[in-house]
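Q: Residue-level listing of the chains:
Protein chains: 2
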Amino acid sequence: MKRIGFIGLGIMGKPMARNLLAAGYPLAVYDIVPAAMETVVAAGATAAASSREVAAQSDVVITMLPNSPEVRQAVLGEDGVLAGARPGLILIDMSSIAPLASREIAEAAAARGVRMLDAPVSGGEPKAIQGTLAIMAGGPQDVFDEVKDILGKMGSSVTRVGDIGSGNVAKLANQMIVALNIAAMSEAMVLATKAGVDPKKVFEAIRGGLAGSTVLEAKMPLVLAGNFKPGFRIELHIKDLMNALDTAHAIGVPVPLSSGVLEILQALKVGGKGGDDHGGIVQFYEDLARIRVREH
Amino acid sequence: MKRIGFIGLGIMGKPMARNLLAAGYPLAVYDIVPAAMETVVAAGATAAASSREVAAQSDVVITMLPNSPEVRQAVLGEDGVLAGARPGLILIDMSSIAPLASREIAEAAAARGVRMLDAPVSGGEPKAIQGTLAIMAGGPQDVFDEVKDILGKMGSSVTRVGDIGSGNVAKLANQMIVALNIAAMSEAMVLATKAGVDPKKVFEAIRGGLAGSTVLEAKMPLVLAGNFKPGFRIELHIKDLMNALDTAHAIGVPVPLSSGVLEILQALKVGGKGGDDHGGIVQFYEDLARIRVREH
Chain Z
5 MKRIGFIGLG
15 IMGKPMARNL
25 LAAGYPLAVY
35 DIVPAAMETV
45 VAAGATAAAS
55 SREVAAQSDV
65 VITMLPNSPE
75 VRQAVLGEDG
85 VLAGARPGLI
95 LIDMSSIAPL
105 ASREIAEAAA
115 ARGVRMLDAP
125 VSGGEPKAIQ
135 GTLAIMAGGP
145 QDVFDEVKDI
155 LGKMGSSVTR
165 VGDIGSGNVA
175 KLANQMIVAL
185 NIAAMSEAMV
195 LATKAGVDPK
205 KVFEAIRGGL
215 AGSTVLEAKM
225 PLVLAGNFKP
235 GFRIELHIKD
245 LMNALDTAHA
255 IGVPVPLSSG
265 VLEILQALKV
275 GGKGGDDHGG
285 IVQFYEDLAR
295 IRVREH
Chain U
5 MKRIGFIGLG
15 IMGKPMARNL
25 LAAGYPLAVY
35 DIVPAAMETV
45 VAAGATAAAS
55 SREVAAQSDV
65 VITMLPNSPE
75 VRQAVLGEDG
85 VLAGARPGLI
95 LIDMSSIAPL
105 ASREIAEAAA
115 ARGVRMLDAP
125 VSGGEPKAIQ
135 GTLAIMAGGP
145 QDVFDEVKDI
155 LGKMGSSVTR
165 VGDIGSGNVA
175 KLANQMIVAL
185 NIAAMSEAMV
195 LATKAGVDPK
205 KVFEAIRGGL
215 AGSTVLEAKM
225 PLVLAGNFKP
235 GFRIELHIKD
245 LMNALDTAHA
255 IGVPVPLSSG
265 VLEILQALKV
275 GGKGGDDHGG
285 IVQFYEDLAR
295 IRVREH
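Protein sequence lines correspond, in order, to chains Z and U. Count along the first sequence starting at 1, add 4, and that's the number in the numbering used here. Count along the second sequence starting at 1, add 4, and that's the number in the numbering used here.
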């Protein structure tokens, strides 16, 4: 059984690590916040003093960190994964970061004999706890095959999308569509409400047709209830869209609507709503139109 | 059994009228293009010489016309419905027009004792033929109840959304969401493709999550096949979004993303693609990024 290292025990990393422990894998963990390791260590993991130490005692190292700079630091830094890794180690970065950063980190890893996948997830904390995340992986097929069982302990859908960086490309595509679908719902429903029509009736009239979506089904009831407790925070969606725009600019693809919805998210953050669920995008329109989309 | 009049026998009106004939209703019809009446008359309808003549021999008059000006002309014009209507007649405007126009026309109708619903549809020609349109109605409950059976011959989902104009408000909300969901899919998939990832794999990886939608399921296979045969034409979606923007401006709701996607549709029309299906929005991005989203 492979020895696994896990770096980054935040809201997502902690339950993912616990699911690996529950599956019987020997687990070494590290987080820059020592207290973050406590519950996982209590559940049987070994605390390490650095990412380097995690790598030194692992066959597979998983990173689950906020963004590209943190992954670079944890992998390429002085006390990072590559400093402690033996040749042949597999690094799985499950963070959501810029795809171009994934490719650069993979090149540096390859120079040290370390093989890498990028494998970001979607689904949020509840699915991390249940082990039912959707995992989108990029990297060589043989490396993917070697760790597919491990990924299967954290996710119910594990898809190899393509080469290194592809997982994060799929994740960015996902996040662009989700943000825009929420904004579309919001723009339409504030218009309908201000026009004097019950938004719940509009929802009922259109949900079964071409306007139907998972976003509409998941978020419209929360919008009607005025419930913007996260869920997935607006400030995290800003990070993903910033990575999408950076990628788009680097490779030459215009993304005018993603750019527009990013500005809306930024406006909400400036207004103190960065910690709200991304369903709270509706508040941008509600505030400007001076009306609330609520059940009549 | 109520005598029905039907004005506007285009791509949608013709099969809708035929379904009413098939249900046994006596039907008088009118279209400014005499040839448009031929097949419906052959199926048993009576051809009239004007909208006024249609009204004179009907208990219920249905209009199915391109936009607000055509409905105003057919209802309020010298030879229009109101000129021929007896008090108590019910006018059902099933065109997709500006909600404020519906309200104005209903006021003029009320002054002549004519009761009115706005009842736009979604679903396109195939569902018009099958009689399975989604019908979103606005107007008094008692008027709706009186003609609900008639509407049920043309649609499988018949919903009263609220007062007069509400049907068109729901339709505009529907069209805003559909256009933006298609654009979101397009922006994301062109980005993924240009980043070197197979768009079909991205589709498979994200369709089951929060990015899933009816648009993604219906349009992504056509985008992958490069098939933009309508379906619902870009130039018709432009009309609907123009009505959405007019409404938004009139009542004070900002719609920055709908405005953005309208510009994209206008660019496609200028480029000669106004007759393509709205799934062809992807071509705006493909042309600029110099890549095609196609199955690898």
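Honestly, I wouldn't trust all of these hints.
Pairs count within a copy or across copies, as identical chains cannot be separated in the list.
[Claimed, not checked] Computed cross-link-like contacts, DSSO-like style, restricted to lysine-lysine with a CA-CA straight-line distance of at most 27 Å:
(1) K131 with K273
(2) K277 with K152
(3) K131 with K205
(4) K131 with K157
(5) K6 with K152
(6) K198 with K157
(7) K243 with K233
(8) K243 with K205
(9) K152 with K204
(10) K205 with K273
(11) K157 with K277
(12) K243 with K6
(13) K152 with K273
(14) K205 with K152
Because the hints were derived from the structure by calculation, they are not lab data.
Q: Determine for every hint whether it applies to the structure shown.
A: Going through the hints against the structure:
no.: 1; hint: K131 with K273; verdict: within (26 Å within a copy, 43 Å between copies)
no.: 2; hint: K277 with K152; verdict: neither (38 Å within a copy, 45 Å between copies)
no.: 3; hint: K131 with K205; verdict: between (31 Å within a copy, 22 Å between copies)
no.: 4; hint: K131 with K157; verdict: within (12 Å within a copy, 44 Å between copies)
no.: 5; hint: K6 with K152; verdict: within (12 Å within a copy, 66 Å between copies)
no.: 6; hint: K198 with K157; verdict: neither (47 Å within a copy, 32 Å between copies)
no.: 7; hint: K243 with K233; verdict: within (19 Å within a copy, 37 Å between copies)
no.: 8; hint: K243 with K205; verdict: between (34 Å within a copy, 24 Å between copies)
no.: 9; hint: K152 with K204; verdict: between (43 Å within a copy, 21 Å between copies)
no.: 10; hint: K205 with K273; verdict: neither (30 Å within a copy, 33 Å between copies)
no.: 11; hint: K157 with K277; verdict: neither (34 Å within a copy, 48 Å between copies)
no.: 12; hint: K243 with K6; verdict: neither (33 Å within a copy, 60 Å between copies)
no.: 13; hint: K152 with K273; verdict: neither (38 Å within a copy, 47 Å between copies)
no.: 14; hint: K205 with K152; verdict: between (45 Å within a copy, 17 Å between copies)
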